[in-house]
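K.L.:
Taken in order, these protein sequences are the chains called F and G.
For the first sequence, the working numbering begins at 12 and goes up steadily by one.
For the second sequence, the working numbering begins at 16 and goes up steadily by one.
Treat the hints with care, since some could be wrong.
[Stated by the list, open to error] List of simulated lysine to aspartate or glutamate pairs, EDC-like, C-alpha gap at most 20 Å:
id	chain 1	residue 1	chain 2	residue 2
1	G	317	G	262
2	G	21	F	411
3	G	21	F	481
4	G	299	G	352
5	F	423	G	337
6	G	265	G	276
7	F	415	F	481
8	G	42	G	79
9	G	45	F	418
10	G	21	F	480
11	F	416	G	37
12	F	346	F	521
13	F	430	G	59
14	G	26	F	420
15	G	21	F	275
16	G	258	G	229
17	F	416	G	29
18	F	415	G	19
19	F	415	G	37
20	G	60	F	411
21	G	296	G	262
22	F	388	F	484
23	F	423	G	59
24	F	438	G	135
25	F	423	G	37
26	F	401	F	481
27	G	344	G	389
28	G	100	G	71
29	G	258	G	236
30	G	60	F	437
31	G	45	F	420
Worth flagging that the hints you see were computed from the coordinates, not collected in a lab.
Chain by chain, the residues run as shown.
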Amino acid sequence: RDFNERCAQCSEVNWGLTDGGRFYCRSCHNVTERTREVINTDFISNTRVQTISKGSRKKEKTDGGCEWYVCEGFQFVLKKQAEALEALGVCPQMKDEILCNFWRLYLQKSKQAYCDRPDGETVKALPVCDSSTDVESEPETPSLLHLLSLSESEGDLQTDSSFVSSTSKVSASTSVCSGSVDGSLYFMKNQKEKLRMTMPMTLSFCYMALLWLREPMTLSDLLRFVVEGHIPYLNVFQHFPEKMKLYGVDLKIFCVESWPVYEEVFNKMHELAAFLDLPRFPDITDSCFLHPDMLCMKYLMEANLPDELHDWTCRVVKKICIGEADFLTLVPGNKSTRKVKYDVLAAAVIIVVLKLLFLLDDHYEWLLSDFAEERNKNNKEGRPYFEFKKWYKVIKCSLDAEQKKLDEERAKYQWRCEKPLFYSADKKSKVLKRRQMVVNLQNQFRKLSGSVQPAEKPNPSSFQLSWSEENTDGSCFHGHSLKGILQEKRGVLAAMNPDYWLCTVELCRERSCGHLAHYREVEFPQSYHFVLSLFSFLLRIQPSSIHDDVCLIEHKLFNKKLCKKPKYNTVIRK
Amino acid sequence: SSHEHKLNFQKSKEMCLNYIQDAMLQKQWKRAVEFLTFYIEALEKDFSREYMGPSEIIWRIGSEILWHHSHNGMKEFNSFIEQMKTLAIKRYLKVCLEHVFHLLCNGLIDEAYQTLSLAESWRHGEQTSVQDKEMKLIEAYRGLLDYYSWAKQKHILLEHGQDGFEDLSVEQEMHSCFRKAAVNLKEIIKIPGVWDPFVKCYVDLLEFYGDHDEARQVLNEYAYNSKFPANPNAHVYLYQFLKRQGESKKSLISALKILHDSVPSHELMIDFNTMLQKSKKRKKHRLGLEVIFAALDYAGWKENVKAWSCLAKQLKQIVISEKHLDWIKQEWNSRRDWWPAFHFSRYLAKRNWQENESLSYEKALVAGILLGKDCKYFKYVSHQGCKAQVKRFRMLKKFVNKHNPVYLRISG
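Generate the whole structure from the sequences, applying the supplied hints.
P.N.:
Here you go:
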């Protein structure tokens, strides 16, 4: 505010507003008679205003807390997540440059709608100490590339005090039920223009940064690490600095009670990228981890399938042009290109290849396997021929065991954090009493069951299933040969299987119903369902999502044949 | 099966509960405890809209598990229950009551008594009146335990006989137990319900102290007040009391009549039949026949020699006198289709003869009368009996042969 009078008591020019509308001196807390109406309500960017609400919410609260804004909380969360990712091996650039610049851009974009500033004003997130009253501002929006490539000295995003000025219309009544200043506002305002920040969105930010840097971590990997506890998400707020007190509506914002959902994080990421007006992301080329050729290799290994299948996946990828940089690279805001789920796509390619080679109609693959078994008897090549039946038995066994383990983990998942939460101060004692009882009971029963709470989380690893060729029991199929199911045809090894069945003849309109196809287990062969469920487990995603991409690939692959024959013919001759 | 990869708190706890249930059903207590430990945190979440919230679930499951699987027995159980009591004030008395039951099952009568007394003195604002029913039960059970003490004192006195001062304190103790018990027992049986053990104990007390009028009134109320649920035992108690009091046959019969109507297979039906037979009235005899036939409709009576002998005796009398053959006809009409297979098959003939000669004798007599001399049961048994040269079987054979025309009249 343009109120530059000196304080009568301490001669400072350091004014704040009580919610009664009076000015008070922040240095000596002297309240004036001057009220807000008298002053020009145009806000000028280089003064900082804090509105203070009544009651116990003084600048230094009695409980040792300070004022903090919701976005500060999220900033903290992002910082923690970035640190964890760095510990997992992601390059430090992610934390120091990319993620924090994305965040600043977000704040800038969203704050424009947040406050009553005239257009063109910007607010920068800077750690400002209490005493300074002036904040630098730039009259024009810095160029995005400039922001993104900047390595600022204050790259560390940690702030101890509220950093940004906000002229949010916080009224006294709303701020009582939240520890943050604008917590209750969060749910009230019309959220249409700006993307309101949520906990799942923090993961969208992380993924966006990972994608920008083309780090070797898919979204399913990221989410799996979150669930396994390697990346802070659930209960991360308990590591907020002491001064940031959390209660009331804050709990709704920061407390998570469900695992992050792939589709949600994925879609939000794309929304975010568009919202931030980001340019085309760095190209995904065939040397990138996220390229289908690379991911297929990884998933083939994990699924214990022969390495030779990689040739086939590359052929499919090439044939339908999904290995092109233009197809794979994200261009935010471009509605005509399909948003690519790299992990799902790679899994779908493998499934299509399996269908090409083995048909997977619950008959042919078993016949073929018997045939390969026969040929194996006379096999003098040193490498056994791949037999589907053997592979199925090994994988089914492992998958069932892992799934059972996972189900038990889900049932045993602990959601509550060390730090007890209360919605409001009057519920504090009740909550603490409950907490004490819970701890007592847990101790009592833990002693009884004799189980020791595992002190450490398992080490994070990129592979969930691993197979070693050193095992003499023959349970590793990487080195197996596909010759058992191929035949020579005009000098080229081709699949013996001449047929193919389409998952669906017609694709749905994704825009209207959200899916390309609708998967129902009973309508498909069990072998198909089996391979779907294998990758569904590995990627921790619903089989229907993978099925969608399988349909997409099939339609690209058999495009010509589909256009030629107008009548329905679900079995196609290749 | 498709596995959901989404997970939220609610679903996670549901799954946990399923695992606990499965483990308990298979009596894998250690595994059940393991999962229960992970379920406990559900207490911190408000489930107030659910039918059964986590605190109740944990109480019930935890009790069951600790009952079957605990390292230091009752101590652990008790400490757990104490925590459960504080967890939900709305269930305080119910938890106390169930705790008492567990203690009694373990023979810890004194601890049970203490818990009951403690619970009786509990007051908690409006909760006291809301949990009024549980309070009444608590008082009633304390009364029951007071009766139990009384009975112990009585036993001591009776053993020692009344000699000397040392028994004076026992006697005083006994009377004080009586007073305490009587008050609470009387209260609970006022409320419509099934209170068999309480009624029995109360009546026992009243009889001992000579208050027969009160006892009679209590038993009549219990048996005949329509507000109380129909309870055959009520009539049994009343009958037994009247018998002890030496009441007239008339009142005894009326008490047992109701029992026959509601539970035709009751074990007292033999007494009933005997009583009716002794009467001089024809109507009573008719009823007696009905009663004994009805009792033998039930599988539990198939090998009851006394019952068969009652029936045999009565049928024999009727056949000899040739009066009231229509009674037999009436009773036999609804039974002729199935009694032969049920009671008088050849297989049963063999088995009865092998296992219980008297049984086979009585049954053969009945069969001979109802089904004639040519029926398989009679033929087999009488043949075996005569072969073994048992006198009464020869008499039996003669009797049935002689009265065969009667059979023809019955069956016609």
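K.L.:
None of the hints should be skipped; say for each whether it holds.
P.N.:
Hints versus structure:
In summary, the hint linking residue 317 (chain G) to residue 262 (chain G) is not supported, as the alpha carbons are separated by about 32 Å, beyond the 20 Å threshold. Taking the CA atoms of residue 21 (chain G) and residue 411 (chain F), the gap is about 19 Å. The hint holds against a cut of 20 Å. Using a Cα cut-off of 20 Å, the hinted pair residue 21 (chain G) and residue 481 (chain F) is violated, with the two alpha carbons roughly 36 Å apart. With a C-alpha separation of about 27 Å, the suggested pairing of residue 299 (chain G) with residue 352 (chain G) is violated against the 20 Å cut-off.
Under the criterion of a C-alpha separation no larger than 20 Å, the hint pairing residue 423 (chain F) with residue 337 (chain G) is inconsistent with the structure, at around 81 Å. Our distance criterion of 20 Å between C-alpha atoms is met by residue 265 (chain G) and residue 276 (chain G), whose separation comes to about 17 Å. Only pairs whose Cα atoms come within 20 Å are accepted, and residue 415 (chain F) paired with residue 481 (chain F) is rejected, the gap being roughly 26 Å. Pair hint residue 42 (chain G) plus residue 79 (chain G) holds up; C-alpha atoms about 11 Å apart against a cutoff of 20 Å.
Restraint check: the Cα-Cα separation between residue 45 (chain G) and residue 418 (chain F) comes to about 19 Å, which is no more than 20 Å; the hinted pair holds. Distance check on the hinted pair: residue 21 (chain G) and residue 480 (chain F) sit about 34 Å apart at the alpha-carbon level, beyond 20 Å; violated. Distance restraint check for residue 416 (chain F) and residue 37 (chain G): the Cα-Cα separation of roughly 16 Å lies within the 20 Å cut-off, and the hinted pair is therefore satisfied. Restraint check for residue 346 (chain F) and residue 521 (chain F): satisfied, since their Cα atoms lie roughly 12 Å apart, inside the 20 Å limit.
Between residue 430 (chain F) and residue 59 (chain G) the CA atoms are separated by roughly 12 Å; this keeps the pair inside 20 Å, and the hint holds. For a cut-off of 20 Å, the pair hint linking residue 26 (chain G) to residue 420 (chain F) stands: about 13 Å separates their Cα positions. With a C-alpha separation of about 11 Å, the suggested pairing of residue 21 (chain G) with residue 275 (chain F) holds against the 20 Å cut-off. Distance hint between residue 258 (chain G) and residue 229 (chain G) is fulfilled; the C-alpha atoms sit about 16 Å from each other, no more than 20 Å.
Our distance criterion of 20 Å between C-alpha atoms is met by residue 416 (chain F) and residue 29 (chain G), whose separation comes to about 17 Å. The suggested pairing of residue 415 (chain F) with residue 19 (chain G) holds, with an alpha-carbon distance near 13 Å, which does not exceed 20 Å. Between residue 415 (chain F) and residue 37 (chain G) the CA atoms are separated by roughly 14 Å; this keeps the pair inside 20 Å, and the hint holds. Using a Cα cut-off of 20 Å, the hinted pair residue 60 (chain G) and residue 411 (chain F) is violated, with the two alpha carbons roughly 33 Å apart.
Taking the CA atoms of residue 296 (chain G) and residue 262 (chain G), the gap is near 18 Å; set against the 20 Å cutoff, the hint holds. Distance check on the hinted pair: residue 388 (chain F) and residue 484 (chain F) sit about 17 Å apart at the alpha-carbon level, within 20 Å; holds. For the suggested pair residue 423 (chain F) and residue 59 (chain G), the alpha carbons sit about 16 Å apart, so the restraint of at most 20 Å is met. The suggested pairing of residue 438 (chain F) with residue 135 (chain G) is violated, with an alpha-carbon distance near 31 Å, which exceeds 20 Å.
Our distance criterion of 20 Å between C-alpha atoms is met by residue 423 (chain F) and residue 37 (chain G), whose separation comes to about 15 Å. Under the criterion of a C-alpha separation no larger than 20 Å, the hint pairing residue 401 (chain F) with residue 481 (chain F) is consistent with the structure, at around 17 Å. Under the criterion of a C-alpha separation no larger than 20 Å, the hint pairing residue 344 (chain G) with residue 389 (chain G) is consistent with the structure, at around 19 Å. For a cut-off of 20 Å, the pair hint linking residue 100 (chain G) to residue 71 (chain G) stands: about 11 Å separates their Cα positions.
Taking the CA atoms of residue 258 (chain G) and residue 236 (chain G), the gap is about 18 Å. The hint holds against a cut of 20 Å. At roughly 17 Å between alpha-carbon atoms, residue 60 (chain G) and residue 437 (chain F) fall within 20 Å of each other, so this suggested pair holds. Only pairs whose Cα atoms come within 20 Å are accepted, and residue 45 (chain G) paired with residue 420 (chain F) is accepted, the gap being roughly 17 Å.
Hints 1, 3, 4, 5, 7, 10, 20 and 24, counting from the list given before, are not met by this structure.
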